[in-house]
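Chains as they are written, first to last, in full-length UniProt numbering: chain H, 1 to 188; chain B, 1 to 188; chain R, 1 to 188; chain P, 1 to 188; chain F, 1 to 188; chain W, 1 to 188; chain A, 1 to 188; chain S, 1 to 188; chain D, 1 to 188; chain G, 1 to 188.
Each hint should be verified, as a subset may be incorrect.
Here are the simulated EDC-like cross-link-like pairs (lysine to aspartate or glutamate), alpha carbons at most 16 Å apart as the crow flies [said to hold, decoys possible]: (1) R:LYS94 / R:GLU68; (2) R:LYS187 / P:GLU53; (3) H:LYS9 / H:ASP27; (4) S:LYS187 / A:GLU88; (5) G:LYS92 / G:GLU53; (6) B:LYS187 / H:GLU88; (7) A:LYS92 / A:GLU28; (8) P:LYS187 / R:GLU53; (9) G:LYS187 / D:GLU88; (10) H:LYS187 / R:ASP85; (11) F:LYS187 / W:GLU115; (12) G:LYS107 / G:ASP27; (13) A:LYS187 / S:GLU53; (14) P:LYS187 / R:GLU88; (15) G:LYS94 / G:ASP60; (16) H:LYS187 / B:GLU28; (17) G:LYS187 / D:ASP85; (18) A:LYS187 / S:ASP85; (19) D:LYS107 / D:ASP27; (20) D:LYS187 / G:ASP27; (21) H:LYS187 / B:ASP85; (22) A:LYS107 / W:GLU88; (23) F:LYS92 / F:GLU57; (24) W:LYS187 / F:GLU88; (25) H:LYS107 / G:GLU53; (26) R:LYS94 / R:ASP54; (27) F:LYS187 / W:GLU88; (28) R:LYS187 / P:ASP85; (29) W:LYS187 / F:GLU53; (30) P:LYS187 / R:ASP85; (31) B:LYS187 / G:ASP60; (32) S:LYS9 / S:GLU28; (33) P:LYS33 / P:GLU161.
Hints are computed from structural coordinates only; laboratory data are not their basis. No experiment lies behind these values; they were computed from the predicted model shown.
Protein chains: 10
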Amino acid sequence: MGIIGSTIKPFSATAFQAGQDFFQVTDEDVKGKWAIFFFYPADFTFVCPTELEDLGEHYDQLQKLGVEVYGVSTDTHFSHKAWHDTSERIGKLKFPFLGDQLHTLSKNFDVLREEMGLADRATFVIDPDGVIQIVEQTCEGVGRNANELVRKIRAAQYVRENPGQVCPAAWEEGSETLAPSLDLVGKI
Amino acid sequence: MGIIGSTIKPFSATAFQAGQDFFQVTDEDVKGKWAIFFFYPADFTFVCPTELEDLGEHYDQLQKLGVEVYGVSTDTHFSHKAWHDTSERIGKLKFPFLGDQLHTLSKNFDVLREEMGLADRATFVIDPDGVIQIVEQTCEGVGRNANELVRKIRAAQYVRENPGQVCPAAWEEGSETLAPSLDLVGKI
Amino acid sequence: MGIIGSTIKPFSATAFQAGQDFFQVTDEDVKGKWAIFFFYPADFTFVCPTELEDLGEHYDQLQKLGVEVYGVSTDTHFSHKAWHDTSERIGKLKFPFLGDQLHTLSKNFDVLREEMGLADRATFVIDPDGVIQIVEQTCEGVGRNANELVRKIRAAQYVRENPGQVCPAAWEEGSETLAPSLDLVGKI
Amino acid sequence: MGIIGSTIKPFSATAFQAGQDFFQVTDEDVKGKWAIFFFYPADFTFVCPTELEDLGEHYDQLQKLGVEVYGVSTDTHFSHKAWHDTSERIGKLKFPFLGDQLHTLSKNFDVLREEMGLADRATFVIDPDGVIQIVEQTCEGVGRNANELVRKIRAAQYVRENPGQVCPAAWEEGSETLAPSLDLVGKI
Amino acid sequence: MGIIGSTIKPFSATAFQAGQDFFQVTDEDVKGKWAIFFFYPADFTFVCPTELEDLGEHYDQLQKLGVEVYGVSTDTHFSHKAWHDTSERIGKLKFPFLGDQLHTLSKNFDVLREEMGLADRATFVIDPDGVIQIVEQTCEGVGRNANELVRKIRAAQYVRENPGQVCPAAWEEGSETLAPSLDLVGKI
Amino acid sequence: MGIIGSTIKPFSATAFQAGQDFFQVTDEDVKGKWAIFFFYPADFTFVCPTELEDLGEHYDQLQKLGVEVYGVSTDTHFSHKAWHDTSERIGKLKFPFLGDQLHTLSKNFDVLREEMGLADRATFVIDPDGVIQIVEQTCEGVGRNANELVRKIRAAQYVRENPGQVCPAAWEEGSETLAPSLDLVGKI
Amino acid sequence: MGIIGSTIKPFSATAFQAGQDFFQVTDEDVKGKWAIFFFYPADFTFVCPTELEDLGEHYDQLQKLGVEVYGVSTDTHFSHKAWHDTSERIGKLKFPFLGDQLHTLSKNFDVLREEMGLADRATFVIDPDGVIQIVEQTCEGVGRNANELVRKIRAAQYVRENPGQVCPAAWEEGSETLAPSLDLVGKI
Amino acid sequence: MGIIGSTIKPFSATAFQAGQDFFQVTDEDVKGKWAIFFFYPADFTFVCPTELEDLGEHYDQLQKLGVEVYGVSTDTHFSHKAWHDTSERIGKLKFPFLGDQLHTLSKNFDVLREEMGLADRATFVIDPDGVIQIVEQTCEGVGRNANELVRKIRAAQYVRENPGQVCPAAWEEGSETLAPSLDLVGKI
Amino acid sequence: MGIIGSTIKPFSATAFQAGQDFFQVTDEDVKGKWAIFFFYPADFTFVCPTELEDLGEHYDQLQKLGVEVYGVSTDTHFSHKAWHDTSERIGKLKFPFLGDQLHTLSKNFDVLREEMGLADRATFVIDPDGVIQIVEQTCEGVGRNANELVRKIRAAQYVRENPGQVCPAAWEEGSETLAPSLDLVGKI
Amino acid sequence: MGIIGSTIKPFSATAFQAGQDFFQVTDEDVKGKWAIFFFYPADFTFVCPTELEDLGEHYDQLQKLGVEVYGVSTDTHFSHKAWHDTSERIGKLKFPFLGDQLHTLSKNFDVLREEMGLADRATFVIDPDGVIQIVEQTCEGVGRNANELVRKIRAAQYVRENPGQVCPAAWEEGSETLAPSLDLVGKI
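One chain only, chain H, in its complex shape (with noise of 0.2 Å):
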């Protein structure tokens, strides 16, 4: 089965986030309201920082819209910390970040690079139901768009609301919806 409609699996990660001490996470925490998971090969590294930074410019934007941040690698949360402590850019990221040492996010989302145990650069949107709505994936090397996410998120939300509606193409909030019915059927 296509990963869009599966339910996520369970697991339990200790999480660190700016202002808190170190505290689990669990599949069960995750579901009841709107989440990213956002997953980036490693802490320290290049590209993560800059797309890190981007969602994190999101971040209150996703936060009124229900939806909760949480960046992934199979780092130790000791790392996040100590990353978060002596970078300026991650310094400033409010949302919390699970440690994956133990590769079994990695290995739910499908997304361990096995041969050298880090994750792709992958992003997962799950629905309050831990339903899992919308995949990206990219090639190491080319950084995600953090606008395009928070269109998408809009649109999936939208759907879930408003029964027997869809979005079409790029669509933006505010856009014409349509109403899929028989009579539509070959006509568009």
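Mind docking chains B, R, P, F, W, A, S, D and G on chain H? Use the hints.
For chains B, R, P, F, W, A, S, D and G alone, coordinates are given in the frame of chain H:
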């Protein structure tokens, strides 16, 4: 292993393309240039035509970038032709459509909704070696965005052509890139 | 065991029928009256419309005999509707079509050409107990004959309603039948 | 895979034919010309003789079309001869009967009623390559129709001899045929 | 284990007996009296009628001894009746014939020539408990001898009715028997 | 497969024969002439000596017909010799006895009463090719009949030497035989 | 596990003992008193009678010690009786002989020469709990020694009756024994 | 198969022998002369020293007969040496002791008490071909007898050197032996 | 999983301790106080006594710390006693020795040199819950150091008794310890 | 088999060492000189820096003894560098650190706490043949002692260089050693 970095699996499908007789396309035909596999659930339905039209409007630009586009659903090539003949929006599209009534492609890319016999809404960008470099998947009812797709293909092509360079988040053509090195570790 | 005398296997398919919204049909819905499953390779192709038209011309007669008719191919119900909307011959047909893009029915009746994902040209007559009583299959390119099909259904109904009677070769309604007995053994 | 298009499986059976000594028939002997395998439940019973007589009346015509006919039941060749010697209707038949007391043919064609040791009422038309092109099966008590069988054999022979042509529904020799092409897709 | 002393296995067969309608015979029906299962290769053949006639001439005597006789071949009950109707010798026989076209009895008694689908020439005597007491088998072409069979049945009945007595070689009714005892060990 | 027509299985046994030292007999030694394997339960018991004596009285006649005789029980060759030395009846016998304390022969011919370690009372006639042609088995307490055994051996030898001839029931040397042919089918 | 200390396995055998009718002996009958199982290859052979005679001369003494003796070979009880009747030495023996033509005992005690169907020359002493306490085995051609056997049985009985005492090498009744204790460790 | 007549299995053990450095002994070293494997439970215990002393007193005699002696327990060669150094009785022994702390020998000869890790009290005599000819085993607490062991070895050597002769029960060197022959069967 | 943190596996062994009778020790007896399992290759050898003596000199101190000591080799408890009786150094030792001739403990702690049947030179410290907290292993020929062992046991006891405190490298009793906290991450 | 004496398993890891670019280290690179693998749970944590600092202070001495040191945790080489850059204590260390985010080394040496994805606190000394000679493991919270480690490495080197010598307990360089011999068995 994650799908990013994996090579496409063998397939053979009958294609419909406007102005030509039906023809076969295999995994070997795909290699040697960049390619987009653009999966959608079914001919004659709702979101699909707006996404296909959006993609069609970028087809000339993609052709200039050396990228071929394949529309794919579990319908036959007969059905693809009939849709092209009877829908104004679809009738304008110049790229080929593959008949996947055998479900081979939908299973190869792991996007078959097995209880329905239809594909998810999913995009895969393949490099000239047949390796998957970019993945996008969205839930039913959320249209994709061809502009963002083109942005990411440009970045992937830049990285392939400029070894030792990486593109930061939301990079657009002409923007600055980064050259990773030991000195940068922990410094970005 | 031969297929004659076997009971139809479970299935669930979405049906298109002119003048109605899409609806589900299952093996349980089929039971309780006589039914014809009329398989053909694909919508929008060549022999199929002539055979479907021939069968359509006998539909009123079959309805009077208490027989429902189901057209079946591996196309979706969307495709069936589109064909109905755009083909004059198909547009006249009043019986339902089942979307078998899942291949369940084609496999249940053992008529899937596995290397193509299309069904054979095959007819199955089911009695009100869900038991297969008559089978006809022909190679690609040879059309079936609705007149002969009706003749055989009448004979099967006659036998079901008149236990102890059998219909000789090429029997037509009103002709003489036979009553098997020990005395007739070796005497016909 | 469906039975249409499959090749007959190996067998060896002893045949009785009027005016000859017993002889062996194998799958290799069948190939090279068209053939009908005409299964029936048992010698000395009821519907069978009327069907066999009906078929016998078309034997000269079938011979002219290059078609051999084989009657098959699970009786021995001794029993076939005894029936021929003692029944007026059967005594007139000129085509060979195969003794299938081993059940090989009944199993090869999947028509053995396993709980009875008798074959179903089933007809298979084989082309000169040993490939099954037409199948007819009816429940106990419903006789077949040799006229319709001849019509379908003529159509199958026409299609084999005229590549690129197909015979529409209820086609009779001399009627119009169709030549499938891309232009006809969705136009019939 | 040897066949002597084993109990007959379950079966159900349709029987023909002169002057009656067809009826079922099972292993349970056989028990309660003595029985002979008299296997022969096929109806309408050569040695069989002489053996069956020889046995038929002892049928009254066997009936008086409380022994039922069953003729068995892999022919159907229809064929048995037809043979009875058309052969003078067979027509005189008053005991039942079992149709073993399912090969159940031939396999139960291990007398099926598997490459031919016919039974060996074999006789089994069953006591009222369903236990096999006497076996005779001969190759094709060698007829059995009903006189000797009756002699052995009388001896077996004598032994059953006179516990502690045994019948020496070639014993005839009325001859002397032996009573085994410790004293006789090594003394005969 | 039935035992009639099967070839004897490999064995090696030590034999005792009056007037000779012990010697080995194998399946290969048996071939090339006719042979009787005459199984009995145990040395020094009751019915066995009368049967062995009856057979011994026909030994000269059997030798003239080219038939060797082997007495077989699960006793050792030492025991066979001791019985011969101490029993008047057994002491007269000139044919060899095989020691089957290994149970090889009793299992090869499927006559071992497994819960007792003794053989059944069973006779097998083997032709010069090592093929079993005649079988007789009787329950404990019923003696065999050497006269009838000789009758059947004569018939089996006649059939072997006269291909195309068969011996009817209760045939005695010099009586009429039958020549099977197509014309006789259903006529006897 | 070694055989010493193991319990005898289930068996049932028919026994011959002078002056009695045949009777059954099982593993349960053996328990409750001491027993010797005295295996030898075959009745009527060479070393065996001298060993059996030697043992027989100690039988009264063994009976007084509460020890039963069982002679065992793969011969039948009939053969044992015949040997007793015809051999002077064997005729004097008063202990029972078991017929092991089933090989159960020979396999239970692991003394069957499988390629010959005969037992090894082996002695087992069983205590009243059915536990094996003493084993002696010798190759073909070497006779055992009943005196030594009696010596060891006395020692085993002494040990059983005097917990805490052990018998040193070559101990004879009345000689000194040892009482093991911590103080004796390393001191003898 | 019984242990008598079987060949010793491969092993390698470190040996201690008075007046020598430690050395390895394997199954190959054992072959070529007669050998005794003398198992006992443990160094420093109770019965063992009396048995070992008894055997030691026959060592010169055994050496003259060409027989090597090996003491075996699951102790190490270090322990064997320590026992020899500290025990007067053991210190006198001149034959080698094998360290079986690996349990290989105890398992090869099937004398390991698995729940204790100690060997049973067991003696095996091996001929120059490595074949086991004599076995003696006694329960805990019962000492063996070296005199009787020597008697049996003499008999086994006599039989090996004089083919066709056997030694009767309780045979002592110089006594009469037997030559088995057909004439003696049943006569001793 | 690493051995640190695992619970000891079940065992039962016979112990020798100076001044006591032999007694059993099991895994359950070990729990409830601290324990050292001190493995060494063999009694009566070279490095072992110096290590055992070194440990013996710390035994009073260890007893005060609530720690029991078990010497373990694959020798028997008889051998342990004999060594104690005959070696001055070993004779002074007051702690118990376990006989592991069954190899259970050596396998449980994964220190058996399987090709030799001897244990490695290895020390395991067990806490009162039966959990392994400290491991030391050295190659043949390198003696351990009881001082360092005591240092580590003190540290482990300190940590157990002071949750939230850890002992830095080379910590000695009375030195400073550390209390880990979020603030210290990356700061030491 | 115990870990002592086993050869290190294959691995490949990326190393960070102050003043160098990242480089690969494999099991082959390790061989040819002595090596320490020094496992610790995680970068940026508590006990680890004191242990690493303690080891660092002995690094020059170890280098002189020809011993390389590898720090190992499940962190990446990026994290190792970042720790070095930001911690004063760690920044002083001159030996290489291996990134074991793949868990290969932690599993090879059996020290992975599987439920945490972190390594135990464990030290392994490898000789120039890649064979493990010394192991030390302590529970969480108990620091190791570099002095004692150096002592044991000296002893292991001494033993390797002086075959036939062993180092007694708590041996320090220059102290007396032992030369094992037969004479010393049981004498120390």
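These are the hints, each one checked on the structure:
Simply put, R:LYS94 and R:GLU68 have alpha-carbon atoms about 11 Å apart, close enough for the 16 Å limit, and the pair holds. The suggested pairing of R:LYS187 with P:GLU53 holds, with an alpha-carbon distance near 14 Å, which does not exceed 16 Å. Only pairs whose Cα atoms come within 16 Å are accepted, and H:LYS9 paired with H:ASP27 is accepted, the gap being roughly 7 Å. As the CA atoms of S:LYS187 and A:GLU88 are separated by approximately 9 Å, the hinted pair is consistent with the 16 Å bound.
A threshold of 16 Å between alpha carbons decides the hint, and for G:LYS92 with G:GLU53 the separation of about 8 Å falls inside it, so the pair holds. The hinted pair formed by B:LYS187 and H:GLU88 meets the criterion: a straight-line CA distance of about 9 Å does not exceed 16 Å. Annotation: proposed proximity of A:LYS92 to A:GLU28 is violated, straight-line Cα distance about 27 Å (limit 16 Å). The hinted pair formed by P:LYS187 and R:GLU53 meets the criterion: a straight-line CA distance of about 14 Å does not exceed 16 Å.
About 9 Å separates the Cα atoms of G:LYS187 and D:GLU88, which keeps this hinted pair within 16 Å; it holds. A distance of roughly 10 Å separates the Cα atoms of H:LYS187 and R:ASP85; the hinted pair therefore holds under the 16 Å criterion. This hinted pair does not check out: F:LYS187 and W:GLU115 have alpha carbons roughly 26 Å apart, beyond 16 Å. For the hint linking G:LYS107 to G:ASP27, the alpha-carbon distance of about 14 Å falls within 16 Å, and the restraint holds.
The straight-line distance between the Cα atoms of A:LYS187 and S:GLU53 is roughly 14 Å, inside the 16 Å bound, and the hint therefore holds. At roughly 9 Å between alpha-carbon atoms, P:LYS187 and R:GLU88 fall within 16 Å of each other, so this suggested pair holds. Simply put, G:LYS94 and G:ASP60 have alpha-carbon atoms about 9 Å apart, close enough for the 16 Å limit, and the pair holds. A distance of roughly 35 Å separates the Cα atoms of H:LYS187 and B:GLU28; the hinted pair therefore is violated under the 16 Å criterion.
For the suggested pair G:LYS187 and D:ASP85, the alpha carbons sit about 12 Å apart, so the restraint of at most 16 Å is met. In summary, the hint linking A:LYS187 to S:ASP85 is supported, as the alpha carbons are separated by about 12 Å, within the 16 Å threshold. With a C-alpha separation of about 14 Å, the suggested pairing of D:LYS107 with D:ASP27 holds against the 16 Å cut-off. Between D:LYS187 and G:ASP27, the direct Cα distance comes to roughly 33 Å. Violation of the 16 Å bound is thereby established for this hinted pair.
Pair hint H:LYS187 plus B:ASP85 holds up; C-alpha atoms about 12 Å apart against a cutoff of 16 Å. A distance of roughly 36 Å separates the Cα atoms of A:LYS107 and W:GLU88; the hinted pair therefore is violated under the 16 Å criterion. Distance check on the hinted pair: F:LYS92 and F:GLU57 sit about 10 Å apart at the alpha-carbon level, within 16 Å; holds. Distance hint between W:LYS187 and F:GLU88 is fulfilled; the C-alpha atoms sit about 9 Å from each other, no more than 16 Å.
The suggested pairing of H:LYS107 with G:GLU53 is violated, with an alpha-carbon distance near 36 Å, which exceeds 16 Å. Restraint check: the Cα-Cα separation between R:LYS94 and R:ASP54 comes to about 13 Å, which is no more than 16 Å; the hinted pair holds. Straight-line distance between C-alpha atoms of F:LYS187 and W:GLU88 comes to about 9 Å, which keeps the hinted pair within the 16 Å bound. Straight-line distance between C-alpha atoms of R:LYS187 and P:ASP85 comes to about 12 Å, which keeps the hinted pair within the 16 Å bound.
A distance of roughly 14 Å separates the Cα atoms of W:LYS187 and F:GLU53; the hinted pair therefore holds under the 16 Å criterion. Under the criterion of a C-alpha separation no larger than 16 Å, the hint pairing P:LYS187 with R:ASP85 is consistent with the structure, at around 12 Å. Our distance criterion of 16 Å between C-alpha atoms is broken by B:LYS187 and G:ASP60, whose separation comes to about 31 Å. For the suggested pair S:LYS9 and S:GLU28, the alpha carbons sit about 10 Å apart, so the restraint of at most 16 Å is met.
Annotation: proposed proximity of P:LYS33 to P:GLU161 holds, straight-line Cα distance about 14 Å (limit 16 Å).
Going down the numbered hints, you'll see the structure goes against 7, 11, 16, 20, 22, 25, 31, while the others check out.
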